[in-house]
Amino acid sequence: EKSNSKKVIDATGRFAYPGAVDAHQHWGIYNPLEQDTVSESKACAQGGITTAITYMRTGMYYLNKGGSYLNFFPEVLSLCQNRAYVDYGFHLAPMTKQHISEIPEIISQFGVSSFKIFMFYGSHGLHGRSADQSSFLMIPADEQYNLAHFEFVMRGIQKAREKFGDRADQISLGLHCETAEIMSAYTKIIEESGQYKGLEAYHHSRPPHSEGLAITIASYLAHETRLSNINLLHLSSFKAVDAAMRMAQAFPHINFRREVTVGHLLADIHNSPGVGGKVNPPLRPREDVEALWDFIGKGELDWIVSDHACCKDEFKFGVPKDDVFLAKSGFGGAEYLLPGVISEGRKRGLSRSRIAQLTSKNPADRYGLKNKGSLSVGFDADIALVDETQNYVVRANESESAQEYTPFEGFTLTAKVTDTFMRGHHILENGHIVGSPHGKYQYRS
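Residue numbers are given in our numbering: position 442 of the sequence shown equals residue 442, and the series is strictly consecutive.
For the record, the hints were derived by calculation from the structure and aren't laboratory data. Please read these numbers as outputs of a predicted model, since none were measured by experiment. Heads up, the beta-carbon is just placed ideally off N, CA and C, and yes, glycines get one too. A portion of the hints provided could be inaccurate.
[Said to hold, decoys possible] Derived lysine to aspartate or glutamate pairs resembling EDC-like cross-links, with alpha carbons at most 16 Å apart: (1) LYS159 - ASP169; (2) LYS370 - ASP169; (3) LYS239 - GLU290; (4) LYS370 - GLU75; (5) LYS197 - ASP268; (6) LYS347 - GLU388; (7) LYS163 - GLU105; (8) LYS312 - GLU404; (9) LYS7 - GLU429; (10) LYS347 - GLU290; (11) LYS188 - ASP323; (12) LYS239 - GLU192; (13) LYS197 - ASP323; (14) LYS347 - ASP294; (15) LYS159 - GLU224; (16) LYS197 - GLU181; (17) LYS298 - ASP242; (18) LYS159 - GLU105; (19) LYS197 - GLU300; (20) LYS239 - GLU300; (21) LYS321 - GLU404; (22) LYS361 - ASP302.
[Claimed, not checked] Computed spacing ranges between beta-carbons, pair by pair: (23) PHE315 - SER353: 36 to 42 Å; (24) ASN371 - PRO104: 20 to 26 Å; (25) LYS6 - PRO140: 44 to 50 Å; (26) THR12 - SER193: 55 to 61 Å; (27) MET138 - SER353: 43 to 49 Å; (28) GLU224 - SER193: 35 to 41 Å; (29) VAL377 - ASP166: 20 to 26 Å; (30) SER353 - ASN255: 18 to 24 Å; (31) THR12 - HIS253: 47 to 53 Å; (32) SER353 - SER445: 26 to 32 Å; (33) ILE9 - SER78: 31 to 37 Å; (34) PHE325 - ARG155: 44 to 50 Å; (35) LYS6 - LYS321: 49 to 55 Å.
Taking the hints into account, I'd like the entire structure generated from these sequences.
This is the structure in C-alpha cells:
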C-alpha cells in the first residue's frame with residue numbers, strides 16, 4: 001500500500017520482533033571502553049539487540065581504578081557518548097562501604113537502578129584461584145568483599161527502595177551465584193588429578209552445586225534484609241535452576257527473576273571447539289543445556305541474555321593455548337542472541353511471542369526501560385527483522401565484534417537477523433551495519 005513515509009522497507013517473508021533488550025553485557029572489561037562501545041554495539045545490531053545493559057565496577061579491568069562511583073561513573077558515560085550503535089544502560093556493583101553509601105545518589109543522579117554482587121570474588125579470582133583479591137578489587141585494606149559485605153549491599157539497596165518508593169519496583173539486585181570455597185577446593189582437585197581437559201575440566205572445577213549453594217545463601221540474605229527484588233543471573237545448570245525454584249517456594253514474598261544466557265543454551269562442554277568457551281559459570285554437559293530449555297518451556301526462566309564480553313585472541317588464551325586454567329573467562333555472543341534463541345527455541349516449540357517476552361519485554365519491564373520491549377504505539381521503534389528460512393554456519397570472521405573467535409564456530413543456525421532498527425534508525429541493513437552511532441544512554445527514572 002502507499003505510504004507517506006520517507007523510506008519503506010519490504011519485509012515480505014520475514015518476522016518482526018521487538019528489538020532485543022540484552023540485560024547482561026560487559027563492555028570495556030578487556031578492551032578500552034570507548035573501543036568496545038563501537039565494535040560490540042555493532043555486534044549487538046547483528047543479533048537484533050537494540051538496547052544493551054552492561055555491567056560496570058571499579059577494580060582491575062574496566063577502567064582499572066577504584067574510588068567513588070560519583071567520580072568514576074561520569075567518566076564511563078563520557079567514554080561511551082556518541083559511540084554506540086544501540087541504546088545502552090549500566091548496572092553497577094557496590095564493591096566498598098563507600099559505594100553502598102552512594103546508592104541513593106547513583107539512582108537519583110545517574111538513573112542507575114540495578115546493582116550487582118559477584119559472590120565468588122572475595123576469595124576466588126575472575127579466571128581461577130587468586131591469593132590477593134583486595135588488590136584485584138581495589139578495595140581498602142580494612143574491608144572485605146564477603147558475605148557480610150553482600151548483606152550490607154542488600155540493606156543499602158532496600159533502604160534506597162524505601163526512599164524512592166515511587167520507583168521501588170524497578171530497583172533490584174542481581175547476583176552471580178557461585179561459591180568461592182567450593183570452587184577453590186574443586187579447582188585444586190581437578191588440576192592435580194589431570195583427569196579432565198578443556199571445558200570439561202573447567203565445568204568440574206566449578207560444579208553446579210556451587211551455584212545451588214550460592215543461590216540458597218543469597219536468597220536467605222534477601223529474606224533477612226527484606227530486599228524483595230532479586231535477579232539470579234546466568235543460571236547454567238539443572239541444579240542452579242532447581243535451587244532457584246526451591247528458594248522461590250521458600251520465600252514467596254521475594255520477587256525473583258531467573259536469567260539464562262544464549263551461550264548456555266547453545267554450547268556444551270563437548271560441542272564447543274577449544275577453550276574459547278571458558279566462561280563463569282562454565283558451559284555444562286548437554287543434559288544441563290536441555291534442562292535449561294525444559295525450564296524455559298515451563299515458564300521458569302524469565303529472560304535470555306548474551307553475557308557478552310569481548311576477549312580478543314591474544315588476551316583470551318594462555319600458553320599452551322589448550323590449557324583452560326590459563327585462559328581468561330568470558331566471550332562475546334551478542335550477535336547470536338536472537339538468531340540462536342529463535343533457531344533452537346522454535347524447534348522446541350517456543351512461540352514467537354514467548355521469544356519476544358524472553359528477549360525483550362521481560363528484561364525491559366524488570367529494569368525500568370519504559371519505552372522498550374514492545375511493538376506497540378508509544379514505544380521506541382526498536383525492531384529486528386528475522387528471516388527464519390536461512391540456514392547458515394556460524395563463522396567468527398563474519399561478526400562485527402573485535403573478538404577473532406567464537407565458541408559457536410561451525411554451529412548451524414536457522415534464523416538470521418537481516419535488518420535492525422533502533423528508535424527508527426536503520427542500523428543493520430541486509431546484514432550490514434549502516435549509518436553512524438545514534439545510541440543513547442538510558443537514564444532509568
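We went through each hint and held it up to the structure:
{"no.": "1", "hint": "LYS159 - ASP169", "result": "13 Å, holds"}
{"no.": "2", "hint": "LYS370 - ASP169", "result": "12 Å, holds"}
{"no.": "3", "hint": "LYS239 - GLU290", "result": "13 Å, holds"}
{"no.": "4", "hint": "LYS370 - GLU75", "result": "26 Å, violated"}
{"no.": "5", "hint": "LYS197 - ASP268", "result": "14 Å, holds"}
{"no.": "6", "hint": "LYS347 - GLU388", "result": "11 Å, holds"}
{"no.": "7", "hint": "LYS163 - GLU105", "result": "11 Å, holds"}
{"no.": "8", "hint": "LYS312 - GLU404", "result": "6 Å, holds"}
{"no.": "9", "hint": "LYS7 - GLU429", "result": "13 Å, holds"}
{"no.": "10", "hint": "LYS347 - GLU290", "result": "13 Å, holds"}
{"no.": "11", "hint": "LYS188 - ASP323", "result": "15 Å, holds"}
{"no.": "12", "hint": "LYS239 - GLU192", "result": "25 Å, violated"}
{"no.": "13", "hint": "LYS197 - ASP323", "result": "8 Å, holds"}
{"no.": "14", "hint": "LYS347 - ASP294", "result": "13 Å, holds"}
{"no.": "15", "hint": "LYS159 - GLU224", "result": "13 Å, holds"}
{"no.": "16", "hint": "LYS197 - GLU181", "result": "22 Å, violated"}
{"no.": "17", "hint": "LYS298 - ASP242", "result": "13 Å, holds"}
{"no.": "18", "hint": "LYS159 - GLU105", "result": "12 Å, holds"}
{"no.": "19", "hint": "LYS197 - GLU300", "result": "32 Å, violated"}
{"no.": "20", "hint": "LYS239 - GLU300", "result": "13 Å, holds"}
{"no.": "21", "hint": "LYS321 - GLU404", "result": "15 Å, holds"}
{"no.": "22", "hint": "LYS361 - ASP302", "result": "10 Å, holds"}
{"no.": "23", "hint": "PHE315 - SER353: 36 to 42 Å", "result": "40 Å, holds"}
{"no.": "24", "hint": "ASN371 - PRO104: 20 to 26 Å", "result": "25 Å, holds"}
{"no.": "25", "hint": "LYS6 - PRO140: 44 to 50 Å", "result": "56 Å, violated"}
{"no.": "26", "hint": "THR12 - SER193: 55 to 61 Å", "result": "58 Å, holds"}
{"no.": "27", "hint": "MET138 - SER353: 43 to 49 Å", "result": "45 Å, holds"}
{"no.": "28", "hint": "GLU224 - SER193: 35 to 41 Å", "result": "38 Å, holds"}
{"no.": "29", "hint": "VAL377 - ASP166: 20 to 26 Å", "result": "25 Å, holds"}
{"no.": "30", "hint": "SER353 - ASN255: 18 to 24 Å", "result": "23 Å, holds"}
{"no.": "31", "hint": "THR12 - HIS253: 47 to 53 Å", "result": "49 Å, holds"}
{"no.": "32", "hint": "SER353 - SER445: 26 to 32 Å", "result": "29 Å, holds"}
{"no.": "33", "hint": "ILE9 - SER78: 31 to 37 Å", "result": "35 Å, holds"}
{"no.": "34", "hint": "PHE325 - ARG155: 44 to 50 Å", "result": "36 Å, violated"}
{"no.": "35", "hint": "LYS6 - LYS321: 49 to 55 Å", "result": "51 Å, holds"}
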